[in-house]
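*Asks:* Spelled out from the first residue to the last, the chains are:
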Amino acid sequence: MSGGMIIADVVISGLLLLGGAFALIGSWGLAKLPSLMSRLHGPTKATTLGVGSCLIASMVYFPAYGHAWTAHELLITLFLFITAPISANLIAKAYLHGCRTEPDENAPAAEGMPVAPPHDADWATFGRDEELEEMILGETGDASPERRS
Amino acid sequence: MRRILPHPGLTAMLLLIWLLMLNSFSMGGLVLGGIFAVLVPIYTAAFWPDRPGMRWRLPLLLFLLLVVRDIIVANFHVARLILFRRNRDLRPSWLAIPLDLHSAEAITLLAGTISLTPGTVSADISTDGRHLLVHALDVADPAAEIAHIKARYERRLMEIFR
Amino acid sequence: MSMEFLVATAIGALTAGGIYLCLRARTFPVVLGLAMLSYAINLFLFAMGRLVVGRPAIYEKGATGYTDPLPQALVLTAIVISFGMTALALVLALRTFLETGTDQVDGRPDPDLLDRENRT
Amino acid sequence: MHLILLALLPFLGSAWLALLPRASRGVHAGIAVAHVVAALGLLLFVAPGVLNGIADQVRYAWVPALDLSVTLRLDALGLLFAGLILGIGLLIVVYARFYLPAGEPMGRFLSLLLLFQGAMLGIALSGNILLLLIFWELTSLSSFLLIGFRSDKAEGRQGARMALAVTGGGGLALIGGLLLLGHVAGSYELTDVLAQGDVVRASPLYPAALVLILLGCFTKSAQFPFHFWLPHAMAAPTPVSAYLHSATMVKAGVFLLARLWPVLAGTDLWFYLVATTGLITMVVGAAIALFRHDLKAILAYSTVSQLGLMTMLFGFGTPAAALAGIFHLLNHSLFKAALFMNAGIVDHEAGTRDIRLLGGLAKLMPITAALGMIAAASMAGLPPLGGFLSKEMMLEEAVHTAWLGAPWVVPLVALVGAALSVAYSLRFIVQLYLGPQRDAYPASPHDPPAGLWAPSALLVALTIAVGLFPALLTGWLITPAAADITGGTAPEFHPALWHGITPALMLSVIAVAAGGLMLWRHGPLLRGWELLRLPDAKRLFEAALERLVQWARRMSDAVHNGSLQRQLALMFLLAVVIGVEAIWYGGYAPGTRPLLPAPPVAIVAWTLLLAATAAVALVPRQRFVTLIYISVIGLVVSLAFIYLSAPDLALTQISVETVTILLLLLALNLLPKQPVQLSSNQERARNLLLGLAGGTASGLAAWAVMTRAPNDPISSYHWANSYSGGGGTNVVNVTLVDFRAFDTFGEITVLGIAALTIFALLQPAARGVSGQRLREWIADLPRSPERHPMMFAVAARLLLPLAMMVGLYIFLRGHNSPGGGFIAGLIVSIALLMQYMASGFEWADQRRQIDEHALIGFGVIIAALTGVGSLLFDAPLFTSAFGYFTLPIVGKFELATAMLFDIGVALAVIGAVMLALAELSHIAQRAQKEPAEDDGPMDVDPAKLRGLQR
Amino acid sequence: MSALIAAPVLLPAFAATISLLFRRRRRWIGAGVSIGATALLLGITVLLMIEASEGGVAAYALGAWPAPFGIVLVLDRLAAMMLVLTSALALAVSVHATLTSLDRRGWHFHPLFQFQLLGLNGAFLTGDLFNLFVFFEVLLIASYGLLLHGQGARRLTAGVQYVIVNLVGSTLFLIALGLLYGVTGTLNMADMAVRAASLPAGDHGLFRAGGMLLTAVFALKAALLPLHLWLPRAYAGAAPAVAALFAIMTKVGAYAIIRTGPLIFAGAAGRYMVPAALGTMILGFVGFLAARHLRSTAAFGLIGSTAILLTAVALFEQSAMAGALYYLPHTTIAAALLFLITDLVIRWRGMEGDAIVATPGYPGRQLLAGLFLAGGVALAGLPPLSGFIGKLLILQASLSSSWWRAIWAVILGTSLVAVIALARAGSTLFWKSDVTPPPPARRSAPNLAEAAPAGFLLAMLVLLTAGAGPVTAYMEAASRQIFDVAGYVRAVLPPPAGAGA
Amino acid sequence: MIAYALIGAMACVSAAMLLNLFRLFRGPTAADRILALDTMVINAIAFIILFGIHETTTTYFEAALLLAMVGFVGTAAYSKFLLRGDVVE
Ligand code: NA
Ligand code: NA
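Residue numbers (the UniProt record's numbering), protein chains in the order written: chain V, 1 to 149; chain S, 1 to 162; chain X, 1 to 120; chain H, 1 to 950; chain B, 1 to 501; chain P, 1 to 89.
The reader is advised that the hints may include incorrect statements.
List time: in silico BS3-like cross-link candidates among lysine-lysine, alpha-carbon distance up to 25 Å [as the list claims (entries may be wrong)]:
| hint | chain 1 | residue 1 | chain 2 | residue 2 |
| --- | --- | --- | --- | --- |
| 1 | X | Lys-61 | H | Lys-892 |
| 2 | H | Lys-538 | S | Lys-150 |
| 3 | B | Lys-432 | H | Lys-892 |
| 4 | B | Lys-432 | H | Lys-538 |
| 5 | H | Lys-538 | H | Lys-153 |
Since the hints were made in silico from the structure, they are not lab data. All values derive from a computational prediction rather than experimental measurement.
All chains, full assembly: derive it from the sequences and hints.
*Replies:* Here it is as structure tokens:
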């Protein structure tokens, strides 16, 4: 085994372990952290450094072991980097919406609800929708919104 | 020209992606990829009516490198938070970041960057499009964090997007 | 534990769940049950080619072993067909619900519907 | 040849009449008469030969497999019967011409009558017992139509139904009987069957065959206890009653007894079944007849009685009795047809058939009265009429017959029957024609025009003549006919009015005396009879039928109760049972294939799958959450495919999964999210049990196969020929687009049809009840005001071209690496659907620039044309071709027709998926209340909000 | 074998897509293409039948891949007969649907109709079990569309059950196929027949399970007890003209049993099928009597008469099979005829539709009464129509079976029930005149031409009756072919020298 | 060395998936479950890459690519459903 190979092995192994570790930490965060908004931070690790390390390991591994160099890993990274923030954004919106409509189900977290932005605006998820306001605040009983959990 | 190459940057990107997928360089692949890279944006142009007005120059590359670096650093930081910080000691906070960017693409890129760097997640935008709602896992000083984000990312993005 | 055991029990569990759901009295769970059954069937059909790890049916000269490609082709066809069928069943269930106001399929009157009609 | 023509003539006449419904009554009658006369003439033409012992026969093979041939055979017995059918038939046609009121559709009536006549004639002429069956059932059918001719009357419909039920049912028994008979005899040709008497009677199947055949005969001939239908058949117009229900059809049963006499008669079983039935029927029918008041009912029950008499005679099993039977058959036909016509005239002229309202008609309608009284006298068995002779012969035979060793039983019962028939016949004479004239009748009775009475006059004349010169007038026919019945030489036929003082004569005298006595004391007897409260057959029958129908409804509704669960449970249960049965009977040996070790990661995946499965099954009421669990299952299955060397499957599974979830979510939006629990704990326990059984069965089956060595699968050929013969290294893909392209062609067709059906289902959903529901639909979830989140919209725009590029790549490499048209199509579809999700239906739909219907159509057509194209190169359908080409700059590349096929696949997939999902989301749009006009691709577009034109 | 063998599959594909692509143009294009293609199909299938009746079993290897590795189409007398029957029935139904404007009461009638034919014909032609599955799916999914055509609450409710039951059926089909492939390693029917004979003893149970399960799936399509529960509501729920076409669908199940039973599974299912078929017959004719609407009458009649067919099939014996084969087209056409009559009754009678209740007289009643009489006689198997001959053949052939007493009792007994039921229904529908309520405002006289397709079906029955001699001869030869496993294998598989690669 | 690292990495990913399962069942909000599923998909991608290295083949990478793309669509659809009820509007 040549020195180059040993270095490659070390690098690959390190990246693999790093990737695995971050995937685990991310999921640990997901399991452990107290509120959804906090938990959202966990998987970002898995997405970015976790998968990223594995991909880099793979990009090193194949040429190092005499196989053709592949670039698909880059593509996967690209897709993940494009989609992960949007996923997080949409999940956060869904969560915010849930907190707004069913506060009892979604116990308020440490950070509480975000304050409205200035200039008579609100966050897009909340908007200023009279119909919705009525539905949430009116609670006349007959609307009986569907329960989600 | 605009009809043939509605998004020249996109075309270039698609061609690159094609070559990456082919995993080998050949004239045949290049020609075919070129054809596809031109045809696909022509079809999808309808779904992307405006050019984002983006400059594919060095600042973009530098920005991306910066983001990658920040991702790595922040990852370790957040990993520490998750592993060693008790939940009740965390200082989660909402940040309303005032926006100077005004194109949807630019703001999305900013929001994406914020989300990708662990510790902060872009959660929403204000109805007037002037504020970005960001959640931070652990911040001591929200105002400083907002200033940091604006200085580090938004300023650079202002250069990239005219 | 062997892979065969895992696959067999997975097939069994999916079948059991699928059957259980299929026997429910409303269309939506029944459609879900069908979807679960089709997972079970796809795995089952696939398993009929026996299990092989890491030897996809990509032809290479001098390859030492390969997995049976035929069941895979069959499963592909089956997946597509069951997708079309599930979609149709689902839309039909929805459409029937819109037309009749009930999604019940056990041949008895729908308590929901009666309730609603009594109220109006 | 003559026989063919003879058999066809009535049918031809019937067809003519049916085709000319608008012709005049005269023309109708003319057509009918012409055909019957022609047939009669033809019959007379062939008669001499037949009587000289040369049975006429033609045979055309019809269904050799069944030994069913069109064999027509005319012997003396057939000649007698055919003569009656045609002769009386002719008279009836004439009578009907005058009888039917102007409003009745004469053409249809006569057409049916001739149809019936053809069927009867067929029975007489059939030389193949299966052919006879056909004609037999045809008589039931045509008589059904004739009885129900006056369909507006309930009695007509009920009588017709009852007649059909009884005689049709008997006919079905007869089918069984005759099939058995032919089976035992080894042939269905009558000649052959008749020759096999000993074989048949010795066969173990003889009792079954006999009973079945007798059921046929007895129902047709209204023998006790099947006698009840006949009187109700009298709802038919009188010509029909006269023809079918006295002279011809009801005699078919007796005729068949005679026809099969040589094969079936001569056993104790025959004697006790047939003779006893006849005996009982004779008495019962006569007794009822005595106490009826409707002329037609009296005649009908007398017919029952007389048919019993004939049956009894054939049941005796002796040649002499058979001779008497056939002689009485002739006599009865003559006087009974005359009596019915007579009753019809009375009904016609006096306006009622109720004997209690009539009487003293002799003075008012002397011709009618004379004819009626003579015919009735013959029925009573009074000398010097035909009826007397045959009754005398009957009594003679009865005297010589012992029943269960008792010599007195048969004579005594026969005497009772005879006395009763004297009584009802005399009643007809006395209470109808004689006695005092009434002050008022429902109408003013007078003799009808000659057309109505002439036919019966002819019959009465014949009755008298037969009485006076029996041997001369009938011997030539009766003797050979009797010989045909007994299958040997005929017994001597010497009928005479005076044989000396024989026991029969004494019995006859007693019968007349007793009959007279009974008529004298009719009033008290009637009161006694009414005290009996005998059940009314029609009411019983109708009630039984009603009960049968109600029972059938209860049973059918209980079985087919519309429960899907029941059906599915049965299916699953059956599948499990089949598995157990198969292993039980087929045997099982454990496999020997070495097992693959399971790494921890596989066990973890397995845990995920099992947990998600349990969750889906156990919390199905939280529908949204259930869908998330389903996604977990899909993910694990995809991983399993990857781990187990099936990348194509994984790709397909992953992409199909997504589209399925989209579909489910779209549908769930409009469905209840958390509905009321319906099934009881018990039902859930049953379902769980069935689920576990099914799961165990499928798991064990999978285990059993996976653990045994493969049995030299054909796929080794695919592996070996994929590259060299199919031009691709991805064997799965080559299998799909080449080895088994025909499957794939069917598969995309399925997908296309699914989409078209979804479209067809959802297009009209905006109308009617469903449209109403959609408009009234209220979102049952609190909804965020933002419809199109900005970041999502921006990302979707960027992903669309990327995904399309990936789709193209996956498509092109599919032949050699995992991928292919189907997956590529799904990727493109998903990318497009993402636009719908992000930017809204309206916005995306305007921009998609594809016609899904056309895509589906072109997809299927391209695939099919690729298959057909190979014919141009003289290769079989669906033969692929591939080649490696080199172009300057581009270099070497491969082209395969299979890829063209794959393009068809991809197009069909995109078309189908887009059509289905777009249509489904379109439906939801109709339930929305917000106007979709200024609906941009994103709700918050900062540039627009800041007034910066983009 | 020429490529013409694939025409019954490809022609409908082209017809379907053309009428799909031209859907926005004039209506007659769709209808014209559909009817024209169906007529052409009838011609082609007759040619194929002539070819089949002259030669032996003919095989056509698609893609030039030899059997058992590729998919083969196999044409024998049985397949040819099914093809002719299908296209003749389809012609009548498509003309009927067009004349009565059924095709305009929803989307895509003609494409779905043609796809249905594609599926049916493919199922009849294929010599490959998985390919059979695919065509089953094609014909099923097209039938879903056709069943739902026109929609309405009743149809939709019926459709849900029909679709789901058949989806579960498809699931079982795949399990059976998987087992069979897993054990025998092949999908080609002929090859499987060969391999089944030399299976190691330890595999017999699994093979039997696959075979029995497959037969059960076919029995589901054929509506055999206890798997018949789906049929009454589905067929009574469909537009009657569609149900008329569906008369052939139960026969697909029967066909598949006939095809695979003797060839591959040695008739193992027979011992269970006979009692099941007898039970079906009883339930079918009980339902026939119980029906409150003519369409239910027809649906139950279809169940009952198909059960007669299945009884004969279940004996798995050559002469009984010949009888079954003769009875098959008869029962198909008779049931279809009854459905078409139902449609005419609904169209002409007015408000009460096909409910078996008295109504005021209406124009066209006599014609309907006549047609109904003929259809009823045919379905009940009364003389003189072909059903009687078929029943005789079946009764006669069953004599050699130990089941004969039960078979006879049930067939003859249910015939009686059928007669009673028909008399009841017919006399109520066509005889009984209820003058209260008063007859509605005079309706325009019905278009008698609408009865032409029903007349065409009736003519086919007459033809089947009159030509019973040659037809039974054909069916006997077909039956011989069905039981000649060696001959089938010889025709499909290349000689051993060329086999294997 | 790589083999051990692979085993370690796979073990980590497996454990991560079990943690995801915990969150999936625990909820408490629907958004939590969506997040758990989304994370599970990311971990699956990591697993596929590790498996590819283990088998020394790139055949499975397209599956990972597709999963990256399609997992997002699923998450978006689920979230959109919670937000609006209607996934496409
Ligand atoms: Na971040
Ligand atoms: Na080919």
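*Asks:* Decide, hint by hint, whether the structure agrees.
*Replies:* Hint check results:
no. : hint                  : verdict
1   : X:Lys-61 - H:Lys-892  : holds (20 Å)
2   : H:Lys-538 - S:Lys-150 : violated (101 Å)
3   : B:Lys-432 - H:Lys-892 : violated (82 Å)
4   : B:Lys-432 - H:Lys-538 : holds (18 Å)
5   : H:Lys-538 - H:Lys-153 : holds (15 Å)
When the structure is compared with the earlier hints, violations turn up for hints 2 and 3 and for no others.
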